[in-house]
Amino acid sequence: MPLNKTNKRTRQIEPEQNFKSKVGRPQDSVWEHFIKTPLSTAGHFAAECLYCEKKWTRGRPQELQVHLAKDCLNVDEETRREYIQKILQLYNDDDTEDNKRFRIEQLNITDFWDVDQNSVEPLSKQKQEAIDQCLLKAFVCCGTPFAVVENPFFVDLIRKLQPGYKLPSREKLAGIMLSHAVVRIEDQVNSILGKATNLTLGLDGWTNPSGHSIYNFIIMTHDR
Numbered sequence: 000m001p002l003n004k005t006n007k008r009t010r011q012i013e014p015e016q017n018f019k020s021k022v023g024r025p026q027d028s029v030w031e032h033f034i035k036t037p038l039s040t041a042g043h044f045a046a047e048c049l050y051c052e053k054k055w056t057r058g059r060p061q062e063l064q065v066h067l068a069k070d071c072l073n074v075d076e077e078t079r080r081e082y083i084q085k086i087l088q089l090y091n092d093d094d095t096e097d098n099k100r101f102r103i104e105q106l107n108i109t110d111f112w113d114v115d116q117n118s119v120e121p122l123s124k125q126k127q128e129a130i131d132q133c134l135l136k137a138f139v140c141c142g143t144p145f146a147v148v149e150n151p152f153f154v155d156l157i158r159k160l161q162p163g164y165k166l167p168s169r170e171k172l173a174g175i176m177l178s179h180a181v182v183r184i185e186d187q188v189n190s191i192l193g194k195a196t197n198l199t200l201g202l203d204g205w206t207n208p209s210g211h212s213i214y215n216f217i218i219m220t221h222d223r
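Residue numbers (numbering that gives the first Met the number 0): 0 to 223.
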């Protein structure tokens, strides 16, 4: 049964102030929902969820946020929504006029191909993130193995097209980038279903080459 926010397990750890480093950024507030145990490297901690007891040998705030937003089965709905919103906030500027203009401008090949590769400048954060999202969609929708992103020939291709673009690692592409995309899509789906009045449930099934049965459930609304 899901735990209420007030019922989460009591932390059996030292006071918070003992973990504050003398320098550096303050700890992310997500740690309020985890037991953290100091590691040998200063400023790094192992983590254990206060709701479901899942453990990480090294807790990273972005991964812990994703856990609360979509993976933890025991977290209360208020906390889940809080961290869904935190993740969505990272992408809230996608529909600004500047981004719309960029999506139009990127139809021009010169936005991707810097002819003078001897004077490469880093891309703006906006362009870097826009290409990141296109890259992720291409890999997922085409069923391309994430390891390809580190293939030397693929890396060389991207460098030729846009030398200023920094490719994500396989771990980042298949990890936090994919997890954030799942959170955003699930939120959009839940929003659509929450507003729908008539729903139709469709079912499809098949067997993969390994002989495993796969079932696909599709919910259809009046509009789609």
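One or more of the hints may lead you astray.
Result set (DSBU-like, lysine-lysine): computed pairs, CA atoms no more than 30 Å apart in a straight line [said to hold, decoys possible]:
hint, residue 1, residue 2
1, K124, K136
2, K69, K54
3, K53, K69
4, K53, K85
5, K85, K124
6, K69, K124
7, K159, K54
8, K159, K35
9, K136, K35
10, K171, K136
11, K53, K126
12, K85, K35
13, K136, K126
14, K171, K159
15, K124, K53
16, K126, K85
17, K85, K69
18, K194, K159
19, K165, K194
20, K124, K194
21, K85, K194
22, K69, K136
23, K69, K159
24, K194, K69
25, K171, K124
26, K136, K159
27, K159, K124
28, K53, K35
29, K171, K53
30, K85, K159
31, K136, K165
32, K126, K194
33, K171, K194
DEER-style ranges, computed between Cβ atoms [what the hints assert, rightly or not]:
hint, residue 1, residue 2, range
34, L202, E52, 18 to 26 Å
35, K194, S39, 44 to 52 Å
36, E31, S212, 15 to 23 Å
What the hints contain is simulated information worked out from the structure, not anything from laboratory work.
Positions of the beta carbon are idealized from the N, C-alpha and C atoms, including for glycine.
To see whether the hints hold, each was checked on the structure:
1. This hinted pair checks out: K124 and K136 have alpha carbons roughly 18 Å apart, not beyond 30 Å.
2. Annotation: proposed proximity of K69 to K54 holds, straight-line Cα distance about 16 Å (limit 30 Å).
3. In summary, the hint linking K53 to K69 is supported, as the alpha carbons are separated by about 14 Å, within the 30 Å threshold.
4. As the CA atoms of K53 and K85 are separated by approximately 21 Å, the hinted pair is consistent with the 30 Å bound.
5. Restraint check: the Cα-Cα separation between K85 and K124 comes to about 19 Å, which is no more than 30 Å; the hinted pair holds.
6. A C-alpha spacing of about 26 Å is found between K69 and K124, which places the hinted pair at or below 30 Å, so the restraint holds.
7. For the given pair, K159 sits about 42 Å from K54 by alpha-carbon distance, which is inconsistent with the 30 Å threshold.
8. Our distance criterion of 30 Å between C-alpha atoms is broken by K159 and K35, whose separation comes to about 44 Å.
9. For the hint linking K136 to K35, the alpha-carbon distance of about 34 Å lies beyond 30 Å, and the restraint is violated.
10. As the CA atoms of K171 and K136 are separated by approximately 14 Å, the hinted pair is consistent with the 30 Å bound.
11. Distance restraint check for K53 and K126: the Cα-Cα separation of roughly 36 Å exceeds the 30 Å cut-off, and the hinted pair is therefore not satisfied.
12. Distance check on the hinted pair: K85 and K35 sit about 21 Å apart at the alpha-carbon level, within 30 Å; holds.
13. Taking the CA atoms of K136 and K126, the gap is near 16 Å; set against the 30 Å cutoff, the hint holds.
14. Straight-line distance between C-alpha atoms of K171 and K159 comes to about 22 Å, which keeps the hinted pair within the 30 Å bound.
15. Between K124 and K53, the direct Cα distance comes to roughly 33 Å. Violation of the 30 Å bound is thereby established for this hinted pair.
16. With a C-alpha separation of about 21 Å, the suggested pairing of K126 with K85 holds against the 30 Å cut-off.
17. Between the alpha carbons of K85 and K69 the distance comes to roughly 12 Å, so the proposed pair stays at or under 30 Å and holds.
18. For the hint pairing K194 with K159, the CA-to-CA distance comes to about 46 Å; that exceeds 30 Å, so the pair is violated.
19. Distance check on the hinted pair: K165 and K194 sit about 39 Å apart at the alpha-carbon level, beyond 30 Å; violated.
20. Straight-line distance between C-alpha atoms of K124 and K194 comes to about 34 Å, which puts the hinted pair past the 30 Å bound.
21. For the hint pairing K85 with K194, the CA-to-CA distance comes to about 22 Å; that is within 30 Å, so the pair holds.
22. Proximity of K69 to K136 is assessed by CA-CA distance (about 20 Å); at most 30 Å being required, the pair is judged to hold.
23. For the hint linking K69 to K159, the alpha-carbon distance of about 37 Å lies beyond 30 Å, and the restraint is violated.
24. Proposed proximity of K194 and K69 is supported: the alpha carbons are some 21 Å apart, at most 30 Å.
25. Taking the CA atoms of K171 and K124, the gap is about 16 Å. The hint holds against a cut of 30 Å.
26. The straight-line distance between the Cα atoms of K136 and K159 is roughly 21 Å, inside the 30 Å bound, and the hint therefore holds.
27. Taken as a hint, the K159 and K124 pair is honoured in the structure, with Cα atoms around 20 Å apart against an allowance of 30 Å.
28. Between K53 and K35, the direct Cα distance comes to roughly 12 Å. Compliance with the 30 Å bound is thereby established for this hinted pair.
29. For the proposed pair K171 and K53, the alpha carbon gap of about 21 Å is at most 30 Å, so the pair holds.
30. Restraint check: the Cα-Cα separation between K85 and K159 comes to about 35 Å, which exceeds 30 Å; the hinted pair is violated.
31. Among the hinted pairs, K136 with K165 is consistent with the structure: their alpha-carbon atoms are about 17 Å apart, no more than 30 Å.
32. Only pairs whose Cα atoms come within 30 Å are accepted, and K126 paired with K194 is rejected, the gap being roughly 33 Å.
33. Simply put, K171 and K194 have alpha-carbon atoms about 34 Å apart, too far for the 30 Å limit, and the pair is violated.
34. In this structure the supplied range 18 to 26 Å is violated for L202 paired with E52, their Cβ-Cβ distance being about 35 Å.
35. Evaluation of the 44 to 52 Å hint for K194 and S39 yields a pass: the beta carbon distance comes to about 50 Å.
36. Remark: the range hint 15 to 23 Å for E31 to S212 is contradicted by a beta-carbon distance near 42 Å.
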